[in-house]
Amino acid sequence: MLLNIKDLSVAINGKEILNGLNLQVNKGEVHAIMGPNGTGKSTLAAAITGREGYEITSGEIWYKDQNIIEMAADERANMGIFLSFQYPVEIPGVSMTNFMRTALNAQREYRGQPNIPAGEFLKLMEEKKKMVDIHSKLTARSVNEGFSGGEKKKNEIFQMALLEPTLAILDETDSGLDIDALRTVAKGVNELRSSENAFVVITHYQRLLEYIVPDFVHVMYDGKIVKSGNKNLALELEEKGYEWLKEQAAV
Amino acid sequence: MSIQKDTLQQALTLDEMLIEQYRQHKALITKNDSPYVRQLRENAFQAFVKEGFPHSGTEMWRHTDVDALTEDSYLHELSAPANTENIEDVFKCDVHNFDTETVSMLNGWYTDKEDTLKTMPDGVVVGSISAAMKAYPELFEKHYGRVSGSESNGFVQINTAMTQDGIFIYVPDGVKVAKTLQIIKIINRKEQLFVQSRNLVILGKNSELSLMHCDDSVDQNASLVNTVSEFFVDENAHLELYKLQNLNDNSGLINSTFVRQMANSTIKTNTLTFNCGLIRNSIHVKLDGKGAHADVLGLYLMDKQQHIDNQIRIDHNVPNCTSNELFKGILDDEATGVFNGYIYVARDAQQTNAYQNNNNILLTPTATINTMPFLEIYADDVKCSHGATVGQLDQEAMFYIRSRGISAANARLLLMYAFAADIINEISIEPLRQRIDDMVKKRLRGELSVCEKCVLHCGAPDKEYHFDIDLSQI
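Quick note, the sequences are listed as chains R and Z, same order.
Letter by letter, the first sequence follows residues 1 to 251 of my numbering.
Letter by letter, the second sequence follows residues 1001 to 1474 of my numbering.
Please keep in mind that the hints were generated in silico from the structure rather than gathered at the bench.
Hints are supplied without guarantee of correctness; some may be wrong.
Said to hold, decoys possible - Listed below are the simulated DSSO-like cross-link pairs for lysine-lysine, each with C-alpha atoms no more than 30 Å apart in a straight line:
(1) Z/Lys1304 <-> R/Lys123
(2) R/Lys152 <-> Z/Lys1441
(3) R/Lys137 <-> Z/Lys1441
(4) R/Lys227 <-> R/Lys187
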């Protein structure tokens, strides 16, 4: 098993957001996490990727047979966990190219590999840029600075393509995307899908899942997964909304 | 001769010692002077006797406490010691691919005793200010003590009253100096020195000069350096001035720079402060000719209990001038900083465009900065803007960077370096930009020390360092 979350409870400033959540993800699988606003979807992403300020009050997160709860964000990234941010951060003064080269070399160093030669890196970048149809001039700019909403999301997928994670968490990557950008993002993800990696796709809407077809769909409510199923569950949610689940949960 | 500290002088504070020294040795101090210079000294001395050094109660010095420095006792030499060590033994500059003409001062004295005033083939004059005073009295007196003008404080007064040496540069009309001129000032003495130097730089019409002014100490001995520099930039002349400051933690540096610009001239000053116990940089630019432009930039990287104070004043005295101030600083540990940006726009100085910004990152809760924009505007058709920020490293950005696998330490460096890059990228001499770039990286890693040689020797292969973050395009 690649990721095994056991009975995870997480609090922010003393307020419990996740409440005994369980999730298992194997290599080769795509899991969609759905649910209404404020149910803890982004908190789950933060807990897996090691964002500071999230207090794990109970439970464990096992990844590649290690409990990663105490690990720093960069170490988790080096172990192959990637987060596509809901709100990618602008970093003025740091060029995309150097940011990615630094990141890639950090990950290579972690794996005991030498730094990537500059020429090889440029070639790799060109290749991945094509995959997500990202404009050449964007990579010469500062990280996310002056990017449109769609460009920022594409840039996340571009970074993912370059770093080739084992576990990628896509936090509302579809929000703010027009249909063309959505297709491009989905195409990038589908090209990266393999039997050796897994995706956790957090979304409100079924729309993205038409392009990235999940193996499992989970519905979160009130800090835990209340229902799991296959891709048809997403369609059902699209049709019925979340109200019936809330009622069910209340029972 | 030098005045050795005796028991009496040890009991005296610096101002008392200097006043006594001036009275006792006036003949020696003024021996080379023209009547004009002698009168300037006397006036400045009388003003100093009245005012003394600024202290914590002086309004403009409220946040920079120099009491500890001025109440200490120092050795103050009134003439160069006979057996000055060879400057080459103290430092050797090795900036690769950076072709400079170098003049140097050791402990406040011009080092080239044989050739105190050089005249280049193109007519450029470079040398000791005391030699220039005698060789070119007319040119000298036209600007000396006049660019600085009446605005004054105890440090400028005592410099005018007692200074004995410094650098003189004259660029004749129409001459564009190809090589960067480098002034290296080194302090290297066992005694606790009070060093005063006085520089005068005159750029003729349509001339160009780029100048690098390095202040360094090569050991950990305490000193107090009090420098006054005057720059006269005539019509359509262009000056680039880089100041590199890397003194030890026990030292104080009081640096007063005055610039007078005539029509359509431009200056770009970049003050890069890497290390020093206490530094006060005062830069006063007077835009006295239409169409003049001044870029006044600076970067300071302070830590421990260091103190940096940048006082920038720009006078828009005539219409159609533009100025741009940008100072950025990172303060760590218990370092303290002051930025005071004063823009003055005279009644008739219409179409003024003045921009001012000061950005700070405080890395610890104990580091502090006092930043004060101050605009005094008497014209009505002007564009003036100012901004100041004080913040910590952006935690969102930290997580974003770390989430890609970059360590916390490198993420911090990346953000700090990106912050500083705005200033570094303004350095237009490429080999110098690269070297400053290296120095900033080393400084941010805590690896830049007051090195055994010139400040620019920091790239010496003493220790290979590992910093694979390069903001230049690959």
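Violations among the numbered hints: As far as the earlier hints go, only 1 is violated by this structure.
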